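**Q** One letter stands for each residue in the lines below.
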Amino acid sequence: MKPAPFEYQAPATLREAVDLLASDPEAMVIAGGQSLMPLLALRLATPSLLVDLRRVPGLDAIAIDDSGIRLGARVRWRDIEDDRRLETAHPLLRETIAQVAHYQIRNRGTVGGSLAHADPAAELPGIAVTCDAELTLVGVAGTRMVRAGDFFTGPLTTVRQHDEIITELHLPFWPSGRRWAFREFAQRRGDFSLAGIALFYGEDQEGRVANAHVGVIGACDRPQRLMEVEALLNGRFIDEGLIREAAETSARTVDPPEDLHAPAAYRRALVATLIERGLRSAAQHRSA
Amino acid sequence: MQVNFKLNGTPVVVDVEPRMHLADCLRDELRQTGTHLGCEHGVCGACTVIVDGAAIRSCLMLAVQAEGSSIVTVEGLSTEEALTPLQTAFRKHHALQCGFCTPGMLTTAHALLADEPDADADRIRGVLSGNLCRCTGYIPIIDAVLDARAAYRKIDKP
Amino acid sequence: MIGTNRYIGSPVERIEDLRFLRGRGEFVGDLQRGGMLHAAILRSPIAHGRIRGLDSEPARAIPGVRAVITAAEIGAVPSIPLRLLPLPGTERFLQPVIATGRLRYVGEPIAVVLADSAARAEDGVGAIVLDVEELPPVADRRVSGRHEILLFEESGTNLAMTFTGVLGDAEAAFRDAPYVRRECFEVQRHTALPMEPRGLLAEWDSTQQRMRVLGAAKVPFFNRDTLAAMLGLAPASVDLIENDVGGGFGARGEFYPEDFLIPFAARHVGRPVRWLEDRREHLTAMNHARQADCEVEIACRRDGTILGMRGEIFVDLGAYVRTNGLIQPRTLAQCFSGPYRVPNLHMVVRALLTNKTPSGTYRGPGRYEASFFCERLIELAAVDLGLDSAEMRRRNLIGAAEMPYKLARLEPGGAAVDTECDSGDYGEVLERCLAEFAWEEKRTLQGRLIDGRYHGIAVACFIEGAGAGPKESARLELEPDGTVAVYVGSAAVGQGLETVMAQVAADTLGTPIDLVRVFHGSTPYLNEGYGAFASRSTVLGGSAVYEGAKSLLEKIRGAAAARLGGPPDDIELVDGRARTRDGRSLSFADLAADGLRVDATFQNNNKLTYTYGSAVAHVAVDLGTGQVEVLDFLVVEDVGRIVNPLTLHGQAIGGVVQGLGGAFMENLVYDANGQLLTGTLADYLIPTASDFPRIRAIALENHPSPSNPLGVKGAGEGPIIPVGGLMANAVGNALASFGAMPNQLPLSPARVWRMGAEAPVENLGKNARAEPVSDAAGPGRSQIRR
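Chains as they are written, first to last, in this note's numbering: chain A, 507 to 794; chain B, 9 to 166; chain C, 967 to 1752.
To be clear, the hints were calculated from the coordinates, so they are not data collected in a lab. Be careful, since some hints might not be right.
To give an idea of the interface, some chain C residues facing chain A are shown, with a C-beta separation under 10 Å as derived from the structure [to be verified]:
hint: 1; residue: GLY1092
hint: 2; residue: GLU1263
hint: 3; residue: ALA1655
hint: 4; residue: ALA1723
Please read all numbers here as calculations on a predicted model, not as lab measurements. Ideal Cβ positions, reconstructed from N, Cα and C, are used throughout, including at glycine.
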């Protein structure tokens, strides 16, 4: 399973990288390679040129301030795990990333790579959409920002233009006191999940749910927020009855694919289970 | 393309096609055949090596991406004289049968224990769940890694 | 017999480990030769069809591509003979070593590309222009059984073979039985999946007209003879060399198309050729296994005594009959009832051809499937009749006083292939197993919902017919450096052969184990050998080494006595020296000049020796996700005699985990067009370190084998056998309140979830249900007569 032949460049600046992409319609970006290399091995991707971002500066920082968390595109899962600030600055991100793939993959896999690859079951795209994050893309036409909810258009498909490189993911500020949960299920630990959910909400003065965000991965063709579930939760008190309603609503709302690992009916039920368990867990603890 | 890196402490230079992955480079160009290929698509972990201190799947890295890095393979975890504590533990617990997944198990376990000498059984299992074995059923491997921790804790003491 | 043993019975650490731990193993992919070319294989992209045209010019135009070999270059294309059960009629369904026009499965070899690198060879494969005409595929055994689309038109049928197993008079037994239950069950297609894919390195010496092939395994002598015949060479001109082998489990080492194609290629181009199988290729090229479904019934007395079993079983064999492809259906027919007393039995097993990768043996072939079918039937009967699962087994296990106990009469074959359980006390091991598990205590958990999960326990019993004959050879020689060289015809596949053989030799010769060097598998070592399959290496290879070592011992004593004086009987072997009573001695090195060597053979007249055991498990089922957690798994087996408890334990744990993979997650899935959907390890799931952390195994030496001098029974395959049935029964018991019918493997999360998707039925007690409920997703069609 050797890749088809390609040229390779490791430019020293972002500008050069963009220009290389623009000059060759068959060129592809490589960073950690954890998603791309298997595609090359299976010859599902046969680029003429790989543009490696390893030498491009300024893409591997984790910046935390009042505007939120900015993850450089080359930030690795391991970097997120190792950054203790995130325990309080964004516990949902940290908890989720700890469950991505396997130890060795987490030493190489990157934020930008995962977003660009857009696997419907990938965790970071799910977090990005749930948290209403923003991506920064740089291309020949310049820099633009795209909301995560608009970025993913289908399985392995995004609005990124051929010459554009993702440089950063910006997650909004995470206030303390939030209730949150991440739950996913795969038959084996570390596999792409059959379904996963990420959720958070705040509380108003009386303790009713406010600003609920509920996202799902793996049970749709791209990560999605479950707007009906959010609407159901907002303004109400969390109790077993509401949790069950939310679970049933989520099962109805998702439109899962039918594939060799699971029929659609199972994935619906699985989403319901995960929502139920996630909400119950969120109701019991809140972030510092 | 020419690539320069350090292999088990020794500087090396190779000239390879861009498409050659690091595992093939180590095995075929540098004749370090301890690193094995069980799948070539990043699932089995038999190809695990340590690059700049981190355990990675060498079939998912291009040789040309290794420029300037420091790489340790299973051969670099051995000495000519006695078996290392990790190797001794593997042998004692019968943590290998056909030996094919073993290099990946050793490099991963070594990287883990070097960072986390107090890792518990759950952590070890979680980390090694990225390394497939078809012979042992894993239990003796986990026992061996637990047993080897003592040696890594001693290393850590200032 | 052997006196005080220093090594046999001890957990001797393995000699093999020293090189494996240092990354110095020598697997075939580690070998290179000067001038070597790399091979890649063009394989059929369609399940059924014909080659209309093939243009290899675009491939040969690629710089670095040296040759393309198709059927045309080979001329008269040989077919692969059967190694086992070459029954009349099977010659119609043998696989040609390369496609000659007709294509019968996705993955069938069509052409071999030789190039300067593996990557270039793969480029070449991609460049070949292949024009194919598609035929409707025989996508499963039901389509096959209609015999409308035929894989082999001249034969007029898709039925490769029928085996029937008979005991007593099943018809009479069922007619008069007070209780009968009929069900349908299914085991999925899965595969051995060793961690090392296959590989071969072939070298042709045109001066000597000798072919040398590295990468052999399992049955090198048979393969050598087969290859020699195909190449038109004398066997003595062909050497098959066994290097280190990354697991076999029954699948690696049989004669495959590549075992001809790669040596042929080397001779064709006059350069060494290396082929390394990649994992995607492996999943369509290496033997598949296990796929079988059945409609079977059990007849009992009200007290649970089994009166009979009968039914029809269908095996999905794939596109050709492979070298050992008939073992699975044969064993299903002959050994369906396992360790149980089933006085009346009638099983008809039909092996049907389909447009899928052909199948062969995989650890406990036919037995895993039979155990699943049989244990499910027994459990259903136990539930219906209100009996505890353990009591049901207890009542029906073959008793020690009944040994030897003849299993079903097999047709074709007849009396000549009769087999019998040779020795042992099956009930004794069952009791030990139940006690270790605390069965009586755990019974209270059956079907209960605790912390959101349903708990279930189950028990199963098994036999492993091991030590297949006819014989094995060994040669022992004193080397000038004072070591003892042991050559044995057995093959190493990772099971610790070198160490176990060394233990036997060292103890018999009274020698330190580090003076013993074991050489195995490669054909130049011995005149004949039979290899590693059916858990025979310690039984036959070990016995051959034992017999050889005893003879060598006598020769050493004689030679020492001749030099030192006194009778040979007064010579003692201690620590590698031959010593007289008064303390004068000679070292082995001293004596080597006398040319001391021995050839030995051990035969067992094809009489199997039966290891037996019991297994129990406790599971917790999460219906929200369909996940099953194995909280405890214990297997206890009587292996007759333990040579190395360390390696033996390793075989048990490894076998159980493979069995759990088959029970829960492994599945080779084909679509309606005969395309394999599970094409990589991302989709074909095998257990990882996190999945089954709680497995225990105990080995006993209660009843040594009566049929070999070591008293050993085989120990490679027993523990995997009961796992499928055990898991299904445990899950079924956990979900009894849902009327769950786990009648199909694997018990994937989606399947388990579906079993609980209906609301629990109130007050479903242990007694028989009024209405049988079948698995809505599966082929269940149960009927109960009261």
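**Q** Determine for every hint whether it applies to the structure shown.
**A** Hints and how they fare:
no.: 1; hint: GLY1092; verdict: holds (7 Å)
no.: 2; hint: GLU1263; verdict: violated (30 Å)
no.: 3; hint: ALA1655; verdict: holds (9 Å)
no.: 4; hint: ALA1723; verdict: holds (7 Å)
Of the numbered hints given earlier, the model fails hint 2 alone.
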